[in-house]
Amino acid sequence: MAGKKEEKEAAAAGRASRVPGEGGGGGGGGVAAWALLLSFFGALAALVLLGARDVFFHYEENRCSMTYMFEYPEYLKIQLPRKISRRYPAYELYLYGEGNYAEENRKQPLRGIPILFLPGNAGSYKQVRSLGSIALRKAEDVDFKFHFDVFSVNFNEELVALYGGSLQRQTRFVHECIKVILKLYKVGERNCTDLFYSHGSSAMSFVIGVKRNFLLPLEIPPSDFYAVVNDNWIRKAQELKNLTTLSVAGGFRDYQVRSGLAFLPRSSHQSTALSVVSSAVPRVWASTDHLSIVWCKELILATVRAFFDLIDEKTKQISEDPQKRSLVLNHHFLRHPAKLFEEKPALIVELIGLHILQFVVRVFVSLLEQESTGKYFTFALSSHRTSYTHVYCQNSMLDTNSWIYGCINSTSYKCLQGVDLTWKAELLPTVKTVTLKLQDYPSLTHLVIHVPAVNGNKFTVDCEFFDEASRTVQLPVTQLFSLGLSSSKIVLNSTGLFHSVQLQHFGQIYQAFKISIESRCQSLKERKPSIYRLHIPWSHEDTLTLSQVPSSSEISAKLHIAQPKNDTALPLLNIYSSSDCQYEVTVRTSFLQVLGQVIRFHGGALPVYIISNILLAYGKQLRSLISTGQCTDFVSALAKAAKPYKVEPVVNALTFLYGIWDSLYLPELDTVTLSNQHQWFPLVSLILFLFGTGIAYWGGILFISSIRLLSSLQLALTRPPWTAIGQQFYDTKKVINLHSNARTELSALNTSTNNLELFGTNNLQQNSSYSKREMGKRCESMDFLSEAEKPSLIMTAPDNMADSLNMHFSIISLLTWIVLLSCPSLIYWVKNIRYHRRLDPDPCRSVAFIIVALLGILMNASTSKVKSRCGPVIQIGLASGRHGSRPFFVLMQKSQTVS
1 MAGKKEEKEA AAAGRASRVP GEGGGGGGGG VAAWALLLSF FGALAALVLL GARDVFFHYE
61 ENRCSMTYMF EYPEYLKIQL PRKISRRYPA YELYLYGEGN YAEENRKQPL RGIPILFLPG
121 NAGSYKQVRS LGSIALRKAE DVDFKFHFDV FSVNFNEELV ALYGGSLQRQ TRFVHECIKV
181 ILKLYKVGER NCTDLFYSHG SSAMSFVIGV KRNFLLPLEI PPSDFYAVVN DNWIRKAQEL
241 KNLTTLSVAG GFRDYQVRSG LAFLPRSSHQ STALSVVSSA VPRVWASTDH LSIVWCKELI
301 LATVRAFFDL IDEKTKQISE DPQKRSLVLN HHFLRHPAKL FEEKPALIVE LIGLHILQFV
361 VRVFVSLLEQ ESTGKYFTFA LSSHRTSYTH VYCQNSMLDT NSWIYGCINS TSYKCLQGVD
421 LTWKAELLPT VKTVTLKLQD YPSLTHLVIH VPAVNGNKFT VDCEFFDEAS RTVQLPVTQL
481 FSLGLSSSKI VLNSTGLFHS VQLQHFGQIY QAFKISIESR CQSLKERKPS IYRLHIPWSH
541 EDTLTLSQVP SSSEISAKLH IAQPKNDTAL PLLNIYSSSD CQYEVTVRTS FLQVLGQVIR
601 FHGGALPVYI ISNILLAYGK QLRSLISTGQ CTDFVSALAK AAKPYKVEPV VNALTFLYGI
661 WDSLYLPELD TVTLSNQHQW FPLVSLILFL FGTGIAYWGG ILFISSIRLL SSLQLALTRP
721 PWTAIGQQFY DTKKVINLHS NARTELSALN TSTNNLELFG TNNLQQNSSY SKREMGKRCE
781 SMDFLSEAEK PSLIMTAPDN MADSLNMHFS IISLLTWIVL LSCPSLIYWV KNIRYHRRLD
841 PDPCRSVAFI IVALLGILMN ASTSKVKSRC GPVIQIGLAS GRHGSRPFFV LMQKSQTVS
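Taking the UniProt record's numbering, the leading residue of the sequence shown gets 1, the next gets one more, and so forth.
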């Protein structure tokens, strides 16, 4: 009796372990293996979370100032033709104004220069108010000699980031808006300047037929639409060579659209396309998030200054000269010389009337505080050309006057005529600097520094001659797999005002480093902050950091754009320092930021690898069911089936056979696209597969736990009426019912193996392939079974139920991820249902037909049809009566082939 009792308990425990969420490891070795698997997959999921944390939370603080209106903003709705309003009922066109200017706008025709602002994803037409208000204040400063009429399109805050099908409709509407805007002016040509934000640039990029010559997109996002636009721009570069385009990205603060996607394609015929990150824009020097980029005061000021400098005073319109437009954009967005823009500056100046002091020293430092008259300080270049290669000067007076010259006509005591070298200078946050290579200026005899009357203002001027080789050092970065445990260090022993550190082997997007800079100074006197500038030569994504000295600072080094294959330039860490300070630079790999780069660039491919893992687990369940007659649970199947070598060869083969793939008119492979953008590296697919395994594993555990909780509630509460809403809800309900059945069966069997009165549900009735009459006939066959066969027969029924539950769980997990990937289009459709009752085009239509049909077959299939033909198969049925439902079990010999 004791032996039989132990066998019953063991069998019950075995059945319980096959129901998701029930049972345990089954022994010391099983518990250890289970704990090891939990730790491994937990570590993978933790790495994904750490990478996501770096993307979404690890960035610099917002250093943008808020833009405020001086008067109450008003938006004048522009009346569109009835045909256009009827065709695009959700879209509108507005003109921005404030105060008296808004009243004057109601009197048409308009007299200003039109600017068209296009909002992006979920953007409002009212986001134009920062630009419009500052442009109005700037016009008041010049007594309305020039002014801009700022228009804004209302796209009804469409979620174009979730559904790109509306981009074509927006494109056509913008085309019509430009025609309407130009009709608001007197007869004559008007150039429409286009300013667009985020996905608004997609609509504008296709409007090629309308006359315009200047485009300013803020943060271009990714999509197939943009791939087509970029391809057209490259192919039509010759036609668009007079089109000037500037793209400004937000940097690492913008986690919605990574900055690399905002860089415009360039060709040999199109040299007027400029892409820059806001952290590299002069007078901005700050990363912006996806929303603050439209109200960041520093960036809006730079934009408005550029707009006014683009005006041709003769025509009072945006200049038609592409060279001037490029000069203006370079002046305001790339390299600002701390001077007001001049198209043709006077380079030769007369240096007469001020006192001149001559110096022959290598280093000149002057602290000026109470000079009432201006002075010129001259340095003879002939005595320094043999010993030094460069001269460097910096000035802490941040005015817009000329301050450094090269003498070309001099006497023994005076310099009579000079070349204005201020245009070679560069504005930095605390100083304006200039670095000249002496070899490039052989005709200059002296270097002249002009110090104006300061009137009590305190500032410093520092100059030094130096040899480039002594100030430039090379520092190899650490390996990727050093995980921050090792470091690369260099000490800058030479004292001076400027140092340059070349970072070797740094050019891939998956690399990320922490650079520590420690400064030590000989005295404790007050000094201006040092400036650390990370310069990336192949893209305009520089970052600047201010640091008090002496101190220790840490900056992050990671890329938005990978180094092109034909580019050999090295990233530079430029240190603008004090003359009596020494610096120690340490570079170590930041493992967390490396994870962040992987998620930032390749996170969009993670769902593919998650679904791949779910399919591998489902395949393992099928093989187990066919070979052993039992279906393992999802978590165990995933742990056994998640092997990278089952996926990696397929990815590599598809990449190799890309020509065949393309001939089938299938979507372009992600690996090919990323490879063309220099963003694909050998281990990325393996890393993403492991990340997908960790997410699928823990997602399965959480899903099993939720199903168990819901089944417990169903058993405890009265069953409410239910209506099926969609395939997802239907299948989830089915799995919950099945889980409830399995737990009820196990409870009944553990109580008594001779008890045939077991709980059943309507779900089993749906799975049965027999009619009630056939069930009754089959039930009579139970009388012919011996007493020894009945307990084994009864114990097999819950096994079948557990098998069905395990299979259904895998299917519902797969369906859940497919539904999540389709949710963006659903959200867009719900938001715009009052304007458009159907999505055109619908990206999920063909997929839905296939998926719903296949899942309908799989969810209603019986696991017994898949079992091995060896041995009997148990078919589960349900007999319904007046007093409820009870299951019965029929033994059948399987004669049909295994499906």
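Because the hints were derived from the structure by calculation, they are not lab data.
Model, not experiment: these values are computed from the prediction.
Do not take every clue at face value.
Said to hold, decoys possible - In silico SDA-like links for lysine to any residue, alpha-carbon gap of 20 Å or less: (1) Lys179 / Leu36; (2) Lys145 / Lys314; (3) Lys375 / Asn457; (4) Lys525 / Gln508; (5) Lys458 / Thr433; (6) Lys83 / Lys145; (7) Lys138 / Lys339; (8) Lys297 / Gln127; (9) Lys437 / Ala453; (10) Lys528 / Lys314; (11) Lys186 / Ser85; (12) Lys339 / Tyr388.
Unchecked claim - Simulated DEER-style distance windows between Cβ atoms: (13) Gln502 / Lys525: 44 to 54 Å; (14) Asn493 / Ala33: 51 to 61 Å; (15) Lys145 / Val349: 24 to 34 Å; (16) Thr445 / Phe56: 27 to 37 Å; (17) Val349 / Ser487: 48 to 58 Å; (18) Leu702 / Asn493: 52 to 62 Å; (19) Pro644 / Leu524: 53 to 63 Å; (20) Thr568 / Glu320: 36 to 46 Å; (21) Leu416 / Thr568: 37 to 47 Å; (22) Ala569 / Leu524: 33 to 43 Å; (23) Pro607 / Leu38: 17 to 27 Å; (24) Arg82 / Lys145: 35 to 45 Å; (25) Asn493 / Leu38: 46 to 56 Å.
Every residue gets a Cβ at the ideal spot worked out from N, C-alpha and C, and that includes glycine.
So, going through the hints one by one against the coordinates:
Proposed proximity of Lys179 and Leu36 is contradicted: the alpha carbons are some 67 Å apart, above 20 Å. For the proposed pair Lys145 and Lys314, the alpha carbon gap of about 12 Å is at most 20 Å, so the pair holds. Proposed proximity of Lys375 and Asn457 is supported: the alpha carbons are some 15 Å apart, at most 20 Å. Pair hint Lys525 plus Gln508 does not hold up; C-alpha atoms about 41 Å apart against a cutoff of 20 Å.
Simply put, Lys458 and Thr433 have alpha-carbon atoms about 17 Å apart, close enough for the 20 Å limit, and the pair holds. Pair hint Lys83 plus Lys145 does not hold up; C-alpha atoms about 37 Å apart against a cutoff of 20 Å. Between the alpha carbons of Lys138 and Lys339 the distance comes to roughly 18 Å, so the proposed pair stays at or under 20 Å and holds. Distance hint between Lys297 and Gln127 is fulfilled; the C-alpha atoms sit about 13 Å from each other, no more than 20 Å.
Of the supplied pair hints, the one linking Lys437 and Ala453 is violated, its CA atoms being roughly 29 Å apart against a limit of 20 Å. Proposed proximity of Lys528 and Lys314 is contradicted: the alpha carbons are some 44 Å apart, above 20 Å. Annotation: proposed proximity of Lys186 to Ser85 is violated, straight-line Cα distance about 24 Å (limit 20 Å). Restraint check for Lys339 and Tyr388: the C-alpha separation of about 28 Å exceeds 20 Å, so the hint is violated.
Range check, Gln502 to Lys525: about 31 Å between beta-carbon atoms, so the 44 to 54 Å window is missed. Look at Asn493 against Ala33: about 57 Å separates their beta carbons, and that is inside 51 to 61 Å. In this structure the supplied range 24 to 34 Å holds for Lys145 paired with Val349, their Cβ-Cβ distance being about 28 Å. The hinted range of 27 to 37 Å is not satisfied by Thr445 and Phe56, whose Cβ atoms lie roughly 58 Å apart.
The hint said 48 to 58 Å for the Cβ distance between Val349 and Ser487, and at roughly 50 Å that hint holds. Checking the proposed 52 to 62 Å range against Leu702 and Asn493 shows it holds: the Cβ atoms sit about 57 Å from each other. The hinted window of 53 to 63 Å between Pro644 and Leu524 holds, with their beta carbons roughly 58 Å apart. With their beta carbons about 38 Å apart, Thr568 and Glu320 fall inside the hinted range of 36 to 46 Å.
The hinted range of 37 to 47 Å is satisfied by Leu416 and Thr568, whose Cβ atoms lie roughly 44 Å apart. At about 39 Å, the CB distance of Ala569 to Leu524 agrees with the hint of 33 to 43 Å. Checked against the given bound of 17 to 27 Å, the beta carbons of Pro607 and Leu38, roughly 23 Å apart, stay inside it. Between Arg82 and Lys145 the CB atoms are about 38 Å apart, so this pair conforms to the stated range of 35 to 45 Å.
A hinted range of 46 to 56 Å holds for the C-beta pair Asn493 and Leu38, which are about 52 Å apart.
Hint compliance for this structure: hints 1, 4, 6, 9, 10, 11, 12, 13, 16 are broken, all remaining hints hold.
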